[in-house]
Amino acid sequence: MPTIRFSTSDREVEFADGDEVNLLRVAIRNDCGIPFKCASGNCGTDRVRVEAGADHCSTPRRRERERLGELFDQGYRLACQTYVNGDVTVAWDPEQIGLDAGSKVYDKLRQVWLAKDDGG
Amino acid sequence: MAELLSKPAFREALEDAIKGREAKNASFSQAWANGELSREHFARWAENHYHYVGPFADYLGYIYSNTPDTATDAKDFLLQNMYEEELSDVRHTDLLIRFAEACGTTRERVMDVDNATAVTRGLQGWCYAISMREHFAVATAALVVGLESQVPSIYRRQYPVLIEKYGFTEEEAEFFDLHITSDEIHGERGYQIVLEHATTPELQARCLQLVRHGAEARFSYTKALYDTYVSPEPAVANPAPALA
Ligand code: FES
Chain A
606 MPTIRFSTSD REVEFADGDE VNLLRVAIRN DCGIPFKCAS GNCGTDRVRV EAGADHCSTP
666 RRRERERLGE LFDQGYRLAC QTYVNGDVTV AWDPEQIGLD AGSKVYDKLR QVWLAKDDGG
Chain B
297 MAELLSKPAF REALEDAIKG REAKNASFSQ AWANGELSRE HFARWAENHY HYVGPFADYL
357 GYIYSNTPDT ATDAKDFLLQ NMYEEELSDV RHTDLLIRFA EACGTTRERV MDVDNATAVT
417 RGLQGWCYAI SMREHFAVAT AALVVGLESQ VPSIYRRQYP VLIEKYGFTE EEAEFFDLHI
477 TSDEIHGERG YQIVLEHATT PELQARCLQL VRHGAEARFS YTKALYDTYV SPEPAVANPA
537 PALA
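Protein chains in written order, with this note's numbering: chain A, 606 to 725; chain B, 297 to 540.
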């Protein structure tokens, strides 16, 4: 059976042959400790470095590529956006937070609150 | 009296409550995945879907108001889910309307509830009733496990067809792409909350019943789209006179 190795938390989870599973969903279900927030590819909190098995990860779509930027070229993926169909090993920084500075999320919130200020 | 199920047994029972009723197998979903629909059909779908998912944050808000302050995990999940629906990026209903407009319909038509079928309106009413009246774990089971958790399995078959066969751009079809992944996580967290907070045999039984009802409701809603727009019953030309 294919196995996902969560090396930072020293956990392993197997899944059925032929299945394609969402990396973050597996991590949440099995308490493997990947930090996360939005589940939508926006915040980047759940970025993981793929240490082995990158070929078994789904092709990244636009939102993930844009969110990760050059981190993608360094071997990072967003767990919430990544489906896996074979052996993979991933690692992360347990203290990591979102890639939010300058992100669309903050831009949007800034717009909302600045608009309120403008209105007095 | 029924006994409390262990968490693994309860999870399996929740998954079983959806089996055989999955909306991905309803006629409209199948026709979509097989590339048998037209842009007009997608437009009619959007005009209905808006009235089911448009108030999703409202449903969650009612569940939130029934959630005790001790259930921090559930409250955090509901707030995060509402925030993602409405504020974190483009509002999800606006993504749906963007797709609808690419199919040739208009924002006004999408927002006009008269363009939804009676079954769609029934599904919306069911969602409101459950979220207002049921225990928060039961309502989470019904709406998140029974309805929302099915989304990835539906859209993962429909999204590639939209891009590859119908030529929609990634931007036009973003509504689907976004929900494939976000509802994986919402579904999983929904399961966790239900497993954690349905702590009596009665609550577990009610969760299972409403997951089943939810799955049936979503199946019926999807099938009604096919029956109404793709293969409607021929109109009766000369209806029989009413009996005296
Ligand atoms: S959890 Fe926010 S990008 Fe994956």
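These are calculated hints, taken from the structure and not from any lab test.
Note that the structure is predicted; figures quoted are calculated from it, not measured.
Please note that a few of the clues may not be correct.
Claimed, not checked - Examples of chain A residues toward chain B, derived with CB under 10 Å:
no., residue
1, CYS643
2, CYS648
3, LEU673
4, PHE677
5, GLN679
6, ASN690
Stated by the list, open to error - Below 30 Å or equal to it, Euclidean Cα-Cα: the simulated BS3-like pairs (lysine-lysine) are:
no., chain 1, residue 1, chain 2, residue 2
7, B, LYS371, B, LYS303
8, B, LYS320, B, LYS303
9, B, LYS315, B, LYS519
10, B, LYS303, B, LYS315
11, A, LYS642, B, LYS320
12, B, LYS461, A, LYS642
13, B, LYS320, B, LYS519
14, B, LYS519, A, LYS642
15, B, LYS315, B, LYS371
Just so you know, even glycine gets a beta-carbon here, dropped at the ideal spot from N, CA and C.
Taking the hints in turn, this is what the structure says about them:
Given the 10 Å rule on beta carbons, the hint for CYS643(A) holds: about 6 Å separates it from the nearest Cβ of chain B. Evaluation of the CYS648(A) hint against chain B yields a held restraint, the C-beta minimum of about 8 Å falling below 10 Å. With a least beta-carbon distance of about 14 Å to chain B, the hint placing LEU673(A) at the interface is violated under the 10 Å criterion. Annotation: PHE677(A) was flagged as interfacial toward chain B, and the flag is violated, the nearest CB pair being 16 Å apart, outside 10 Å.
Because the beta carbon of GLN679(A) sits about 22 Å from the nearest beta carbon in chain B, more than 10 Å, this interface hint is broken. Using the Cβ-Cβ criterion of 10 Å, the hint placing ASN690(A) at the interface with chain B is not satisfied: the shortest such distance is roughly 13 Å. A threshold of 30 Å between alpha carbons decides the hint, and for LYS371(B) with LYS303(B) the separation of about 21 Å falls inside it, so the pair holds. Distance check on the hinted pair: LYS320(B) and LYS303(B) sit about 27 Å apart at the alpha-carbon level, within 30 Å; holds.
For the hint linking LYS315(B) to LYS519(B), the alpha-carbon distance of about 16 Å falls within 30 Å, and the restraint holds. At most 30 Å may separate the alpha-carbon atoms for a hinted pair to count; LYS303(B) and LYS315(B) meet this at roughly 19 Å. A hinted pair counts as satisfied when its Cα atoms are at most 30 Å apart, and LYS642(A) with LYS320(B) qualifies at roughly 28 Å. Taken as a hint, the LYS461(B) and LYS642(A) pair is broken in the structure, with Cα atoms around 34 Å apart against an allowance of 30 Å.
With a C-alpha separation of about 10 Å, the suggested pairing of LYS320(B) with LYS519(B) holds against the 30 Å cut-off. At most 30 Å may separate the alpha-carbon atoms for a hinted pair to count; LYS519(B) and LYS642(A) exceed this at roughly 34 Å. With a C-alpha separation of about 28 Å, the suggested pairing of LYS315(B) with LYS371(B) holds against the 30 Å cut-off.
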